[in-house]
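**Q** Heads up: the sequence shown runs through residues 0 to 121, numbered per numbering that gives the first Met the number 0.
Careful, some of the hints might be misleading.
Simulated restraints on C-beta separations [to be verified]:
{"id": "1", "residue 1": "Q47", "residue 2": "Q12", "range": "13 to 23 Å"}
{"id": "2", "residue 1": "G24", "residue 2": "P70", "range": "34 to 44 Å"}
{"id": "3", "residue 1": "D96", "residue 2": "D19", "range": "11 to 21 Å"}
{"id": "4", "residue 1": "T2", "residue 2": "G24", "range": "29 to 39 Å"}
{"id": "5", "residue 1": "N63", "residue 2": "A3", "range": "10 to 20 Å"}
{"id": "6", "residue 1": "D19", "residue 2": "V71", "range": "31 to 41 Å"}
These aren't lab readings, by the way, just hints derived from the structure by calculation.
Ideal placement from N, C-alpha and C gives every residue a C-beta, glycine not left out.
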Amino acid sequence: MATAKQHREISFQFLEHAEDELRKGDLLQASEKAWGAVSHFVNSLARQENWPVGSHQRLIENANMLISRNPVHATHKRRLLRSIQALHANFYEAFLDEDSVREGIEDAKELIRTLDDRTAEM
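Start from the sequences, fold in the hints, and give me the full structure.
**A** Put into structure tokens, the structure is as follows:
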């Protein structure tokens with residue numbers, strides 16, 4: 000089981016991999032790496048809080064709890080989360096075009112940035 004620190008490190012590695020895969024034109028892998036980056040980042044913060052992790056449902060619940068801690072721009076942050084969930088679905092269904100995947104990766108970066116310092120405004 001990964002530690003909070005390991006989840007965080009994996010998260011940033013996956014963001015780099017998402018951009019690499021996008022440059023190569025592999026939209027499915029780019030999508031899944033961006034999703035994975037957010038998933039690992041949320042799990043990192045959840046582990047710091049001693050919250051349970053391990054299921055997709057728990058991941059989304061934890062992300063929403065983190066977002067709710069600082070309600071500034073919470074609606075926008077939830078929209079980012081939904082965008083990133085679409086990336087995960089894209090891995091299986093291949094329905095997003097290159098621009099949508101690129102925007103989704105940017106959404107992943109933004110959400111991670113806003114969750115990283117939960118007390119700061121966007």
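**Q** Taking the Cβ atom of D96 and the Cβ atom of D19, is their distance within the range 11 to 21 Å?
**A** 19 Å, holds
**Q** Holds or violated: 31 to 41 Å for the Cβ distance of D19 and V71?
**A** Distance hint for D19, V71 holds at roughly 32 Å.
**Q** State, for the Cβ atoms of N63 and A3, whether the hinted interval 10 to 20 Å holds or is violated.
**A** 19 Å, holds
**Q** Evaluate the given range 29 to 39 Å for the C-beta pair formed by T2 and G24.
**A** For G24 against T2, whose Cβ atoms are near 34 Å apart, the range 29 to 39 Å holds.
**Q** When you take the CB atoms of G24 and P70, is the distance between them in 34 to 44 Å?
**A** 39 Å, holds
**Q** Could one say that the CB atoms of Q47 and Q12 fall in the range 13 to 23 Å?
**A** At roughly 19 Å between Cβ atoms, Q12 and Q47 fall inside 13 to 23 Å, so the hint holds.
Hint check: no violations occur; every hint is consistent with the structure.
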